[in-house]
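Visitor: Reconstruct the complex from the two isolated chains, following the hints.
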Amino acid sequence: MLYTYAPGRPDRFATNLLADRQRNRLTWDSSGGQEVLILQTPFGYNGGSSARALCGEDGSIIECVCRRLGSMTPEAQAYTEVFPGVWVRFVTPAERSWRGCPMHGGACVYSVYACDRDGERCVVYAPKRQTMISPFCNVPMEIHIEAEADTVTRRGLFSKTERPTGFYKIRFPDNLLDGFTERTLWMRVNGVELPVTRTMVETGTVYVKTDSRPTFRSDNKGHSIC
Amino acid sequence: MSVPITCPYCFAEMEDDRVLFRSDRVSAREQEIIPDEFDDPEDFQARYRGADKEELLSRYAEWAFFSERDPFKDPNDPYARFWNQYGGVTTERDSFEERLGLLPYHRPVIDPSNPAHRRYLKEQPDGSVFVRNQGGMVTQLTLNSGESCTCRVCRYCHNPLPDGYGKNPVKSIALVGVTGSGKTVYLSQLLKRMGDYAANVGLDVTAAFRSAGEFQRENRITVGRKLPSPTPFQQFQQPLFYELVGMNEDGERTTDTLVLYDVAGELFEAGNATYLDKFAPFIKHADGIIVLVDPMQLESVSGAGQLGWENSPAAALDAIQSIVTDDRGALGCTKPVAVCLSQIDREEAQRVLSGELRHMLNARVEPVADERGLPRRVFNAEQHRPIAEKIKEFLLENQPSLVTKLDMSFPNHQYFAFTSLGCAVEDGKPVGPIIPKRIEEPLYWLLCKLGLLTSNEEARPDCPKCKTNAYTYRLPQEERARRILFKTRCRSYGCRRCGKTW
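Top to bottom, those sequences are chains B and V.
Quick note on my numbering: the first sequence kicks off at 1 and runs consecutively.
Quick note on my numbering: the second sequence kicks off at 1 and runs consecutively.
Only chain V is shown next, with the shape it has when bound in the complex (with noise of 0.2 Å):
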């Protein structure tokens, strides 16, 4: 039974038996085949006279099969396609070849499908040249040469594919917000501690690519070190691959792929939207958003007549918005969108936050415990509630038109805060010690919107009128009983955008 599989880079759809993949075996740069005396191939073909001449001519087109090639030499190559879409430079790297003098995308790609390939392919016992995995996923190809190709690429992108991706179900994250709002450094920062984050939350994460480590060797955070350069926008950055395993409520193992996508921030400036289009499908595709506000977006923090609308928080939102509904659809954009006050430990952050949520902040995310004190896998809702309405009220007061796009326009959403780093910056150097804060929170909450993880909230009922509890409040108590004349009129909650009560 074939596997459906959506490639993460050019999103087409193919079943598992129709990737492609990438040969584990590479020819040696020099050929000793065909003598020195004769030019090409076609003048020993025409001049050679040999009996062995057939045999020599076979071996020579392994050879040349299995040799490294350039795929940006060749316009229609399906790889450099792709590519070409964001500047001709691919991000794809594999330190571990790289140092043995192979670039992973210089390596061959075999086609099972394609006879002239499958000759070099050796037929496995269910009579096909695939061999699979234990859930019937094809997963590797052997050669005649005994190499096992392991690495599947997409058929339409040649990009490569994951170990195991498409077993698994698949949740993306897409990770937005204007430039020098940190993305990167916050986006190094959490997948340094990512085991650690998983596990307060009862997962078990692991890389389930190179792309997640190549990420953190590229754009490592330490103290004296330079921060990473802002991501070049017209490049696309590789997508993170992580597996994120956990016991849900029945004490079934549970296993789902998570990839994170990282996205410049000069795309969602006025004048980029080209090149905002070629991004579009990473937004579009994404199950959650987490945008990422530079509080010196915000004027009461940078101070009066310093920005331009190409600054402002909204900007992003509008950019989201223009890419996720196509015509402004009543509904919005109903994706989760997690919206992150970010670099709040610095001063002038600092000066205009209040001290009660400094204090909030300031502490460490808690896990839900079991009776034996081991972490649930649940987002504490509960101890993440009264930041978020603190940061709706701060926003509210200095950023009024974020709020009311938020509630209009991304009914789905929720407000977060922290600081990546913890310390100063000097001279593009954190000055240390590095100590982030609250910065798995917002992954936690998009986890839980996702269904990978539940939360200690209270569930919300649903709008009778709106039918949504996007905008559901419990009434205070104050507001709870109501008396009109000789009746007591009772009511526990209220929707915020059509007023109604119940």
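For reference, chain B alone in the conformation it holds in the complex (with noise of 0.2 Å):
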């Protein structure tokens, strides 16, 4: 199918993109039966940043993403990875009103923009710029990683212990997945700061051999630590 990025028309809108934190979804007004793409770009860029530092090419990263859709199939009713960090999701009218569009995660950008299908080509329009509503959503994120040293139990006869075993417990949220991207949050161990990778997140439940508390810190402006 052939994606192309074209300026706004007065009947083909979406914006006013707004998250709603309680439902985990985001909301818009359109245009009336308007299908729309949703764009979820890492914290402080959106679809209208120039892409050259995510994608590495010209233009604007909405554009960008045109040009890559053009050679994938997008999955339907779920957020598909066009390049690292940067999702799309297509939304259409009755998926919009059934169950409306999940969040995909936090410390991100959300974007939106009106779309129009026709066989093989796809249009997708400019928003508008209006100053107070805006097709741009920011979303930060507070993250709770709890460290705690591990111990192990030892009991006596009249009594029992607690012996730290040399290892850090680490414990990663849920929701931290949700549009995960390798090599922005890092861990600090005995020194030396190590990436979090997806895997370590997936697996929820991590150790480490370390005689101090790690620490964390996050390339991505979106996330609060805490």
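There's no promise every hint is true.
If you want the footprint, here are the derived chain B segments under chain V, 3+ residues with CB under 8 Å [unchecked claim]: (1) 12-25; (2) 128-140.
Under 10 Å between C-beta atoms, here's a sample of chain V residues computed to sit facing chain B [claimed, not checked]: (3) G224; (4) L227; (5) P228; (6) H359; (7) A363; (8) G373.
Think about it this way: if two alpha-carbon atoms lie no more than 35 Å apart in a straight line, the pair counts; the simulated DSBU-like pairs of lysine-lysine are [unchecked claim]: (9) V:K392 <-> B:K221; (10) V:K390 <-> V:K405; (11) V:K429 <-> V:K500; (12) V:K449 <-> B:K221; (13) V:K465 <-> V:K392; (14) V:K429 <-> V:K467.
Simulated from the structure, these hints should not be mistaken for laboratory data.
As the structure is a prediction and not an experimental result, all values here were calculated from the model.
The C-beta atom is built at its ideal place from N, Cα and C for all residues, glycine as well.
Guide: This is how it looks when you write it as structure tokens:
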């Protein structure tokens, strides 16, 4: 399918994108019966940002995404990764009415674009900028990573003692996995900075051999680690 | 048992069995009872010798009684007397009847207490001519010819009362603000989505009278269509009536009537005090007031030296205060007043608002849900509070006189900001897409103050000195405990008015 990024039309609009945190959904306003494209980008970038840093190409991120989509088939009713950290999802009017569009994690920016499919051609329309209503939505994310010294219990005749094992137990939250991008979250262990990988986050709980409590930092400005 | 009714137009009080009715039956415009050779009924009476003369005269009298009449042709007509105060033009409309060629206020008015009128009314089983609803309130008359007259009118001004008006508690809200502050656009947008907004606070809403539909028809807001013209300031706009139905905490169904008044903006300008007096009753009798402030009324937005006193937001408040308190009484105006910055999506306003406030205003008004996820009858004060504080901070910096006036003379007030359109306007037409933001919030707050909603805000106690909680605030953490010598003094609340802490 050929994807084209075209100037906006008054009768084809999608804007006022908001994140409903309680129901973990995105909401927006659009022209009647309008299919939309939801674009998820790392925090600090939206669809109109330059694609040089993220995609290594000229033009805006949405333009690069349209070019790349021409050679792939996005999944139906799911987010598809187009570039590292850049995801897209098409939402039909029926899907929006029935279930809405779920969010795909936080610490990112969502953008909404009106689009029209016609056979093998899909036109994605540029959003109209209004002073207050925006087609972009920043979603910061608070991450709570538990890191506690792992101990083993030794029972004596009349007492029991907790003895450290020399490991730290690190528990990653479930909500970190959606939209997770490799090499954005770092763990500092014994003075050495190690990347937190997707496998570690999927595992949920990992053990690290260290005497001091590991610390964490994120390259993603949308992450707030506590 | 009689039901007391206060007319929403002239505010006269009457019992439900003292109201009048507009006749459902209207005679044909041309009478065909008296033969053409007679000039008029008097000529017929003088010259006609037929045996059916009395019968014909009786039928003619009945035709004449039920003929339509223009109240404005009779200066003593109560309807004309009322509307002559407001430029001699009635704003009552009924599109359906007008298509049939009949103006609603041309229908004859029947007084059930008048013997000359009673002879046309059918007696009911209880011996009266009234048909009552289940609650015992008079709702209609039945004519001998079979028609049911259900349109009640005020006994004193002959203005129509909505169906069932008086059966439920009535709460009225007046919408005021200078010309161009956006009152009509705001009302139109609010009414358009009234059902959704009411549902978000657990209420069901129905328009109780055609005035709401007529208002929306005449003031439709769509992309590419010219915005409504400013309300002519001598005209009185029809009140808008809604029924709000909800469940209280005991699971009982409650119904309240909400009346909205749109007051023209020029009334608040200097030189129009005479006209303001005519509209004073609507503000005086209002249970709550929404004051719209166009951000362009602030010098920091419109530019230094651009404004005169008449454009100042305080001008409308001064007018309200002079109406509500006869002698600027010590307590000021105790009615709840929602002070709203309108049109905040304008470039000029967006430039001066802080990023944090802009972000908060862009979010939607979140309902407070119960365990099933259904909205409760609660105003989300917790979400609104930081917005109000930011708006107050902004006004303190840019229009401190407004904040001082509100604090001193309107102790029961709150700050709001919204946009009714959310898009630019070019050549008087919205460019689109039209997306209002937070326009329902002032209404929610007022409904909370009027007892129709509760609030999720922590209750504030009354100040022991001022005896009111209007100025009570919770002390910041760092001020709550103070060590004096060997004792630690703990305080939780303070009063901004007298400075007391407790």
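Visitor: Does each hint hold? Answer for all of them.
Guide: Each hint, compared with the structure:
no. : hint              : verdict
1   : 12-25             : holds (count 5)
2   : 128-140           : holds (count 6)
3   : G224              : holds (9 Å)
4   : L227              : violated (17 Å)
5   : P228              : violated (21 Å)
6   : H359              : holds (9 Å)
7   : A363              : holds (7 Å)
8   : G373              : holds (9 Å)
9   : V:K392 <-> B:K221 : holds (31 Å)
10  : V:K390 <-> V:K405 : holds (18 Å)
11  : V:K429 <-> V:K500 : violated (52 Å)
12  : V:K449 <-> B:K221 : violated (42 Å)
13  : V:K465 <-> V:K392 : holds (25 Å)
14  : V:K429 <-> V:K467 : violated (50 Å)
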